[in-house]
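J.: One-letter residues, chain by chain:
2 protein chains.
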Amino acid sequence: MPQNVLVIGGVALGPKAACRLKRLDPEATVTILDRGEKISYGGCGIPFFVSGEVSDASELQSTSFHMLRDEAFFRDTKDISVRNCTEALSIDRAAKTVRVRHLPTGAEETLGYDKLVIATGSTPRRLPIPGALLPGVQVVSDLDSAVAIRSGLTAGKVGSAVVIGAGFIGLEMAVALADMWGIETTVVEYADQILPTVLGPTMARIAQKHMEEKGVTFRLNAQVTAIQGEGATERVVVKSAAPSTDNNPAGEETLDAELVIMSVGVAPNSELAKAAGLTVSERGGIVVNDHLQTSDPDIYSAGDCVELTSAITGQPMYLPMGSLANRHGRIVGDNLAGLNRKIEGVLGSWCVKLFDQNAAGTGLTLAGAKRAGFDAIAVQVCQQDRAHFYPDKDFMFLELIAERGTRRVLGVQGVSLMGDALVARINAVAAVLGQAPSVDVLSNLELPYSPPFTTAMDILNMLGNVADNVLAGRNRSITPEQFAELFAKRDDDATFFIDCREWGNAGPFVEKYPGRWHNIPQGQLAHRLSEVPRDKHLVLVCNTGTRSYEAFSLLARAGYTDMANVAGGMVALHAAGVDI
Amino acid sequence: MPQNVLVIGGVALGPKAACRLKRLDPEATVTILDRGEKISYGGCGIPFFVSGEVSDASELQSTSFHMLRDEAFFRDTKDISVRNCTEALSIDRAAKTVRVRHLPTGAEETLGYDKLVIATGSTPRRLPIPGALLPGVQVVSDLDSAVAIRSGLTAGKVGSAVVIGAGFIGLEMAVALADMWGIETTVVEYADQILPTVLGPTMARIAQKHMEEKGVTFRLNAQVTAIQGEGATERVVVKSAAPSTDNNPAGEETLDAELVIMSVGVAPNSELAKAAGLTVSERGGIVVNDHLQTSDPDIYSAGDCVELTSAITGQPMYLPMGSLANRHGRIVGDNLAGLNRKIEGVLGSWCVKLFDQNAAGTGLTLAGAKRAGFDAIAVQVCQQDRAHFYPDKDFMFLELIAERGTRRVLGVQGVSLMGDALVARINAVAAVLGQAPSVDVLSNLELPYSPPFTTAMDILNMLGNVADNVLAGRNRSITPEQFAELFAKRDDDATFFIDCREWGNAGPFVEKYPGRWHNIPQGQLAHRLSEVPRDKHLVLVCNTGTRSYEAFSLLARAGYTDMANVAGGMVALHAAGVDI
Chain A
1 MPQNVLVIGG
11 VALGPKAACR
21 LKRLDPEATV
31 TILDRGEKIS
41 YGGCGIPFFV
51 SGEVSDASEL
61 QSTSFHMLRD
71 EAFFRDTKDI
81 SVRNCTEALS
91 IDRAAKTVRV
101 RHLPTGAEET
111 LGYDKLVIAT
121 GSTPRRLPIP
131 GALLPGVQVV
141 SDLDSAVAIR
151 SGLTAGKVGS
161 AVVIGAGFIG
171 LEMAVALADM
181 WGIETTVVEY
191 ADQILPTVLG
201 PTMARIAQKH
211 MEEKGVTFRL
221 NAQVTAIQGE
231 GATERVVVKS
241 AAPSTDNNPA
251 GEETLDAELV
261 IMSVGVAPNS
271 ELAKAAGLTV
281 SERGGIVVND
291 HLQTSDPDIY
301 SAGDCVELTS
311 AITGQPMYLP
321 MGSLANRHGR
331 IVGDNLAGLN
341 RKIEGVLGSW
351 CVKLFDQNAA
361 GTGLTLAGAK
371 RAGFDAIAVQ
381 VCQQDRAHFY
391 PDKDFMFLEL
401 IAERGTRRVL
411 GVQGVSLMGD
421 ALVARINAVA
431 AVLGQAPSVD
441 VLSNLELPYS
451 PPFTTAMDIL
461 NMLGNVADNV
471 LAGRNRSITP
481 EQFAELFAKR
491 DDDATFFIDC
501 REWGNAGPFV
511 EKYPGRWHNI
521 PQGQLAHRLS
531 EVPRDKHLVL
541 VCNTGTRSYE
551 AFSLLARAGY
561 TDMANVAGGM
571 VALHAAGVDI
Chain B
1 MPQNVLVIGG
11 VALGPKAACR
21 LKRLDPEATV
31 TILDRGEKIS
41 YGGCGIPFFV
51 SGEVSDASEL
61 QSTSFHMLRD
71 EAFFRDTKDI
81 SVRNCTEALS
91 IDRAAKTVRV
101 RHLPTGAEET
111 LGYDKLVIAT
121 GSTPRRLPIP
131 GALLPGVQVV
141 SDLDSAVAIR
151 SGLTAGKVGS
161 AVVIGAGFIG
171 LEMAVALADM
181 WGIETTVVEY
191 ADQILPTVLG
201 PTMARIAQKH
211 MEEKGVTFRL
221 NAQVTAIQGE
231 GATERVVVKS
241 AAPSTDNNPA
251 GEETLDAELV
261 IMSVGVAPNS
271 ELAKAAGLTV
281 SERGGIVVND
291 HLQTSDPDIY
301 SAGDCVELTS
311 AITGQPMYLP
321 MGSLANRHGR
331 IVGDNLAGLN
341 RKIEGVLGSW
351 CVKLFDQNAA
361 GTGLTLAGAK
371 RAGFDAIAVQ
381 VCQQDRAHFY
391 PDKDFMFLEL
401 IAERGTRRVL
411 GVQGVSLMGD
421 ALVARINAVA
431 AVLGQAPSVD
441 VLSNLELPYS
451 PPFTTAMDIL
461 NMLGNVADNV
471 LAGRNRSITP
481 EQFAELFAKR
491 DDDATFFIDC
501 REWGNAGPFV
511 EKYPGRWHNI
521 PQGQLAHRLS
531 EVPRDKHLVL
541 VCNTGTRSYE
551 AFSLLARAGY
561 TDMANVAGGM
571 VALHAAGVDI
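Heads up: the protein sequence lines correspond to chains A and B, in order.
My numbering numbers the first residue of the first sequence as 1 and each following residue consecutively.
My numbering numbers the first residue of the second sequence as 1 and each following residue consecutively.
Keep in mind the hints are simulated off the structure, nothing from the lab.
Think of the CB as a built atom: it goes at the ideal place given N, C-alpha and C, for glycine as much as any other residue.
SDA-like, lysine to any residue: derived pairs with alpha carbons at most 25 Å apart:
#1 A:Lys-342 to B:Asn-469
#2 B:Lys-393 to A:Phe-65
#3 B:Lys-393 to A:Asp-394
#4 B:Lys-393 to A:Trp-181
Coverage of chain A stretches by chain B, computed from C-beta distances (three or more under 8 Å per stretch; other residues unrestricted):
#5 32-46
#6 64-73
#7 421-430
#8 520-532
#9 538-551
If you want a taste of the chain B side facing chain A, the calculated C-beta under 7 Å gives, among others:
#10 Cys-44
#11 Asp-420
#12 Ala-431
#13 Ser-450
#14 Pro-451
#15 Ser-553
Take these sequences, add in the hints, and give me the full structure.
T.: Given below as structure tokens:
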């Protein structure tokens with residue numbers, strides 16, 4: 001007797017699971033329900049549709065060979081029934097039925113199942129503030145909301161916009177608005193940096209500075225407390241949570257905008273599962289085992305509505321990512337067909353394009369590692385991502401988070417103008433991160449090398465080496481922010497700053513900061529130790545950190561202990577916008 | 001008592017080991033000997049100097065911060081003595097001395113050591129044929145030979161060139177000559193494909209076709225039997241080893257060229273070690289243990305002069321790669337300083353830029369796997385390496401080699417116009433390949449995803465999935481070459497070709513090959529099974545292989561068994577130059 005499988009939810013996971021099942025078990029009867037009119041679209045493409053890079057919304061719903069993934073497509077090419085505009089109202093697990101309503105007509109009926117897949121996804125959160133539902137306030141939820149946003153843009157109704165939330169979607173939307181439509185865009189973020197949960201503060205500052213240079217304004221440490229409608233304009237009341245800085249006036253301000261995009265994360269759609277008595281976590285994710293079965297073994301779930309387990313902390317993790325939903329969709333299909341596949345813990349790998357800048361990462365940030373209870377350190381490397389003699393090249397910044405003691409790698413993040421080259425490094429780390437590699441694994445990675453692609457010692461090899469040296473106490477570095485703090489107090493004369501570059505580079509700074517900025521080229525340091533005080537904290541800086549590390553080693557041999565070098569050197573200071 | 005370390009060889013490995021040692025053990029006395037005048041240069045950059053992309057040879061010898069790595073640099077910044085133009089004549093292991101000769105003066109002396117590093121590298125092979133030493137015949141051995149080649153080019157003396165050997169350096173040199181200097185360049189290769197030891201035949205054909213479109217001529221299956229000097233011109237006698245084809249006239253031909261570059265591999269410089277009684281393998285590599293010690297524990301060796309162990313086969317492997325020499329140099333430095341570091345087996349990861357095309361890989365090819373005794377299969381995937389709706393994208397071809405039974409991944413290679421994106425995929429595989437991963441590891445890799453970078457199911461996930469299906473018998477594919485063979489015999493009517501695309505794409509082929517090329521769009525196949533014969537071998541083709549796999553599944557359900565789909569579809573056929 002062929003099995004009867006019902007799939008609730010028609011985006012990413014649901015269709016993937018259904019199609020895989022049908023390929024493995026062609027006799028199965030498979031039905032996909034979806035509340036919406038359009039199904040099986042690439043939600044991650046919405047910012048690129050809003051920007052205009054993707055010209056038509058239907059492209060997001062098409063296959064790579066330009067066939068629209070609609071009901072007819074699923075029926076004719078996959079032998080799968082699709083019922084769109086159909087909401088699942090409740091699940092009767094004992095009877096193995098789902099009560100559904102056809103939204104346009106209101107007609108209800110009861111559908112039986114042998115196996116059920118809950119692929120209900122997530123819903124963008126809305127802040128619980130006055131005005132959150134005003135007409136100019138949009139969340140990026142589905143193709144329809146994307147079409148609505150873009151209609152407003154093409155109609156020329158939007159001169160300025162406020163994006164609430166500096167996560168992936170918020171930043172991608174800010175890029176879409178500012179880059180393609182020339183809209184004056186302000187991003188308001190509650191945390192003190194952009195991409196707060198996935199990127200370290202130095203890298204975040206580098207990416208933010210690039211976006212500012214492209215015309216996007218930021219309010220960090222800032223909370224939107226209300227949105228007030230005034231005709232076609234919304235007035236966004238922003239309350240700063242931090243002392244006044246150049247970027248952030250203290251107190252309260254009001255930003256006028258014709259468009260407000262609220263992009264403050266998503267919440268799993270788990271009400272249906274909860275009402276059916278399935279186990280749902282405190283944070284709202286449906287709980288699944290490593291076969292992606294819910295607490296009812298006949299009901300599978302995956303994608304944005306479930307909670308997973310972090311491969312790094314072993315703790316529950318919510319990871320609403322389209323790529324993961326696709327991979328897990330295949331595993332659900334496998335298991336529905338009896339193949340007995342298990343999932344692994346998840347890492348949280350990601351990448352994002354921010355104008356010409358790119359950021360990417362996998363695993364934990366330093367803050368995240370500390371929150372998870374790790375005794376963690378971060379090391380940073382700044383290096384050209386081509387052989388230094390190769391003409392077409394640019395810098396890449398990487399940060400590695402490692403656990404002291406075990407030397408275990410907990411995460412790597414980075415920024416670079418060379419996007420694919422950056423992702424190339426994160427790919428290598430993501431491939432091994434689940435196995436709790438030591439930093440030596442990075443030192444010894446055998447990655448492809450040729451001068452047009454990378455350096456003979458790949459930046460990941462270097463990152464492992466630097467971590468090895470730092471963990472062994474052979475190197476100690478400070479971030480651009482830590483440098484900025486020390487340099488702001490330079491007149492206290494407690495810190496002695498040594499520029500290890502040649503005079504041609506260092507001279508202008510010596511002249512700008514007389515008595516505070518000292519130049520001893522690294523090649524001369526051995527003979528000029530008498531110029532280096534023994535009673536002050538030493539800060540060593542060069543162009544990217546290579547010579548200052550050499551200087552650090554030399555001074556350590558000479559008995560100096562109270563010192564640090566600036567990770568990424570002047571290149572990092574400049575990229576992070578340190579005023580020097 | 002500080003240790004006295006002597007390093008024989010001043011390129012890549014030697015300086016790296018010396019510098020690392022000095023940072024860890026500043027008291028050590030370290031001396032580097034080198035036969036040549038210039039040391040510590042980036043040999044991998046030579047083709048880019050010959051092309052002119054790197055304008056001055058000194059850039060290859062400089063640090064990333066533009067300091068020349070000469071004797072003064074090593075003395076002043078590293079506290080390391082360098083003796084260039086100094087040849088090591090013999091090692092007296094009992095006395096722990098090395099007899100050396102200063103080449104310009106002929107003066108000899110004996111230097112003592114506590115620990116010795118043999119970093120003598122490799123020498124380009126010359127074919128044992130008449131004329132191999134003629135003045136117009138160059139090998140790419142060191143900076144001096146590079147300067148000689150480029151001088152000839154800048155003097156306008158070279159109108160045509162023959163490159164013997166289609167390995168990395170041969171092809172890079174062919175690109176340099178043809179691209180930047182407009183020189184009529186012919187590459188002669190003994191094997192039946194370019195990059196024969198590292199790339200599969202389909203990928204090699206794709207890369208070769210691109211190079212041909214850029215103006216490079218190839219002679220495959222062809223052996224150079226003699227070079228005859230005629231004044232400024234060398235006459236290269238090429239004997240074809242294969243039946244005549246469009247590309248390769250049968251029999252013997254003579255190619256005239258002002259420049260002949262012989263690039264037929266390198267041989268380890270192990271004579272010194274052998275004469276000192278150290279263990280040297282049959283193939284000539286110095287034998288080292290996993291601490292990089294030779295058979296004399298006081299003598300370390302690494303780099304191009306040693307033999308290593310393959311992480312995949314466990315067998316000896318010769319891998320003369322600059323990047324590896326750098327990583328192993330650090331390990332030698334560590335062990336000299338007493339840190340007790342071990343090396344892992346090696347994979348053979350590589351990448352090469354060939355005009356706008358790029359090729360990269362890691363691990364074994366199908367031929368290599370079979371030679372090593374594996375019961376191996378190859379699967380190929382062709383996919384756009386961006387979300388299909390993202391405007392700026394291109395195809396990537398990947399091939400995976402896996403062992404039947406164990407499902408173990410043995411290697412992955414690929415070609416793509418998107419070089420960094422290709423290396424990104426090889427990086428991920430290289431990071432895990434040493435651990436004998438199953439194809440499921442690739443299916444489940446959690447790589448960063450965003451539409452400007454990749455597809456929701458990364459091509460590596462797809463590659464794992466396709467391998468999974470093929471190993472389970474759920475899919476069976478043929479290469480473009482296998483297709484071409486079958487299609488050439490189409491009038492035998494033993495094979496039935498079905499184009500699974502829509503009429504708009506398939507129609508022209510149906511009209512061109514009446515009665516031989518059949519069109520059943522995949523969406524209509526279920527209703528048109530009566531048109532599919534049950535007594536013929538079926539070949540299914542679509543654009544990239546997705547729809548033909550769907551068709552394969554559908555036909556399998558309907559009881560068809562004698563069939564295959566074309567891996568990479570029409571895109572692969574076109575890229576590989578199949579005439580259709």
